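Residue-level listing of the chains:
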Amino acid sequence: MFPDQFLFGVEVMLNGLMAGVLYALVALGFVLIFKASGIFNYAQGVMALFGALTLVGIMDGQVPFAHLINSVFGTDVHHFGWHVPAFLSILLVMVVMVGLAWCVQHFIFRHLVGQEPIILFMATIGLAYFMEGFGDMMWNSEIKKLDIGIPQGGSMWIEEATSFLGGTNFYGFFIDKLEIVASLVAIVLVIVLVAFAQYTKQGRAMRAVADDHQAALSVGISLSFIWVLVWSLAGFVALVAGIMWGAKSGVQFSLSLIALKALPVLMLGGFTSIPGAIVGGLIVGVGEKLFEFLIGAPFLGGATENWFAYMLALVFLVFRPQGLFGEKIIERV
Amino acid sequence: MFDQPESFVTSDGRTIGGVMMEMKNITLRFGGVVAIQDISFDIREGEIRAIIGPNGAGKSSMLNVISGFYNPQEGEVWYKGERRPSMKPFEVARQGIARTFQNIALFEGMSVLDNVMTGRLNHMKAGILSQAFWYGSAQREETENREVVERVLDFLEIQHIRKTPVSRLPYGLKKRVELARALAADPKILLLDEPMAGMNVEEKEDMSRFILDVNDEFGTTIALIEHDMSVVMDISDRVVVMDYGKKIGDGTPKDVRSNQAVIDAYLGVAHD
Amino acid sequence: MFYRESGDFSETYPADSQTFPIKFDRYRYYAVLVVAFLIIPFIINDYWANAILVPFLIYAIAAIGLNILVGYCGQVSLGTGGFMAVGAYACYKLMTTFPDVSIMFHILISGGITAAVVTLFGLPSLRIKGFYLAVATLAAQFFLVWLFNRVAWFYNYSASGQINAPDRTVFGHLVTGPNTDAWAKYMICLVFLTFAGIVARNLTRGSLGRKWSAIRDMDIAAEIIGVNPLSAKLSAFAISGFFIGISGALFFSVYLGAVEVGEAFGIQKSFLVLFMIIIGGLGSVFGSFAGAAFMVLLPVLLKNVLVGGLGWDTALAAHLEFVIVGALIIIFLIAEPHGLAQLWRVAKEKLRLWPFPH
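Residue numbers (our numbering), protein chains in the order written: chain A, 59 to 391; chain B, -11 to 260; chain C, 19 to 376.
No wet-lab data here; the hints were simulated from the structure. Being a predicted model, the structure only gives us computed values, none of them experimental. Do not take every clue at face value.
Stated by the list, open to error - The calculated label-pair distances, taken between Cβ atoms and stated as ranges, are:
hint, chain 1, residue 1, chain 2, residue 2, range
1, C, Pro196, A, Asp205, 46 to 52 Å
2, C, Phe116, A, Leu348, 37 to 43 Å
3, C, Leu316, A, Gly278, 41 to 47 Å
What the hints assert, rightly or not - Which bits of chain A does chain C cover? Going by a derived footprint, with three or more residues having C-beta under 8 Å, they are:
hint, stretch
4, 172 to 184
5, 320 to 327
6, 351 to 364
7, 368 to 375
The beta carbon of each residue, even a glycine, is placed where N, CA and C say it ideally should be.
Between the sequences and the hints, there should be enough to build the whole structure, so can you do that?
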């Protein structure tokens, strides 16, 4: 038997771990693109939002740009009236994400090759704005429910199985089934990505590009193909994150803000390290929940999750600028 | 190995003064790699001192030690008779040591004039209020330093491009602008990192002439790294030869040319 | 034909380094000042003041501030919203604590307080660079908004959590509060903008400006030729913060009058001001003006055309605005990284040679 306060702390930590997995998932999308192209993709979160929006739109048979069409032509269209099964919809959205990747490469970054990283970063901010407006115009901006059949709600089984740990006030750990599923999906996704990068021809080409653009070009790897590939992969990762987050709290604008949470994750983990993204995600997830539980809510008036991760990353960066797993930077003239 | 009086006069009539800077037993390591191993030499006032050696000999590292960019693990740097404590690069610059870079390091977003004016930054002391309202010392200082800079531009024959953004200049001119920026600082010692790398014969001749003129007219002490042996032998007063981070020769060009270790390490291979 | 520089020689170095070396530009500058100070105040009405001119003037100050940091010194900041909030809340505390002191001083001191806060958040710039720093400034953004939201002392324990600007006068005329005349709002903002524009221009053409640009273009080389990176970067943060603080103070006290921090100074504000300088032109004081004008006018224009003209609903127009702004950012970064200011320069180049282009 443990004191209740301690057990609540453990529960907070477990929930933090689950949130951390989702942060890690978004961060993973960043790392993929950054490693292969040096682009710090601020639009990753909006891609998650866009993916989730499109998924809901296709499943519910919404007419794209209905709002715009109605305004211009004075019609009143909104739904086709059919419902597409979740599995098929996800496949369709994946096609859309590949199309998006191609457009991003073809219309934007092809023209910005060789620019400074900070210019590329600002371009992705522009992209984020564009996609946000575009997604809202296409599927309108109401909050939508996303239900593709993932179980939700607290797991009774875990609650009952763990209730013996504490006293009468402790009813066992409350853990959402959705978050368990999300964690499993994230783990599978990471394994698949690593296997892809290690064992396939495209994966090797991708790593070659990440290492040295010029050298990769000289052995006949098509840079633009690789970049479309990584943007597509990042799009899939974003889609998964969007589904998980959307199922949890509805598909809405705030979803794109999880991307911002992924930034401190990356600063902790280092921008180029996949294990770093995962460990960083978990640290941020657990850290912010525990900080809120122990210090934020009792002493600081709460809602410290808004900034804790950034402050942690900031303090961390000052002492170890390359992150936990990043490579040490040696300056040269 | 070099026993000369406090000052002496060279064959072409210039006066070489006493020791200005002395490197004592410098050792520099990067992790396990030893870039410079126990090297000592001095730079005398008014001379042109060259450091030569094959690729990877540690010449650039040596220059970076002199300009304070790297701090050696062992050894001492003596400047004007005093031991120099470990310093930040900008503090070294303020002691009157200016340099150019092997891969041109101009400020690409600025005009030639502004680039050369940055060389005068350590001579400009106007307070922030004076600058904000552009009265008094800020304005006076700007004009005074502009005059100095115009003289340098004139000297290096780049007056006509003063308003051109440096990003539009060809390579040879960029090198000259970089020299102008270093010169504008009115340095006690001027460090040149491969001033003739990547130039054609004509540009090399121009650059050699400028280096000699700078030394001659302003009496500036110059330390340079160079690959091109013939040029080095022509313009320098004394030469340090490095190979694999060690010093293998030191003396007048004539001495060095007949030094067997140098011939083995460098001359015999690079120039047949 | 009228725009030419032939026969217009600089004979001294001061003449050559002045802001408008070409006579025609100089006259146009005086003409703009005359119109802004002596004509507009007499014809301005509430709509023009509140929808266009006052926000333009205030955002232009913020854009000048951010441009010093980003465009001249190369340190990207995404914390502008939070820093404007510092100016606003500093101004509010000063106005309510020292009601007898002139609001002009309050606004200037708010700028000073913001400068100190921004410098503090600029300290990590000595260790981290580029977008690492950009992300670090997000910490400032979120932390500051949270701080002003949660710590009741900052909003004088008001029940709503809002801050409201009390009535204050300058030379006997109301400049804050709900009963302020349009011209008074306009004038106080114009005075501060003129001040900011002149100071920014002078600083960026002098030795401090060269230090900033040197750090921006190649920080290592700058340090080796003798620029102290600590003082150069922190001075850019401080001066940038000073202007951003002034604009935040004006935004709260003169323009909005009542502020809820998350709404007025959220992350969107940071991006808005960043977009102004990208579109207007990085590293150009004129670009800050142009970008602010553009970003203030665009939504007004879209609203008038789409909502007023075509009868679309406002949500759709807002979405389209996002699309257009996003696309413009990308287009400018690809086609003209120096923004409207560069387009203007190119147009002048053309005009200078007109009608004989060779």
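Unmet hints by their number, sorted upward, for this structure
none
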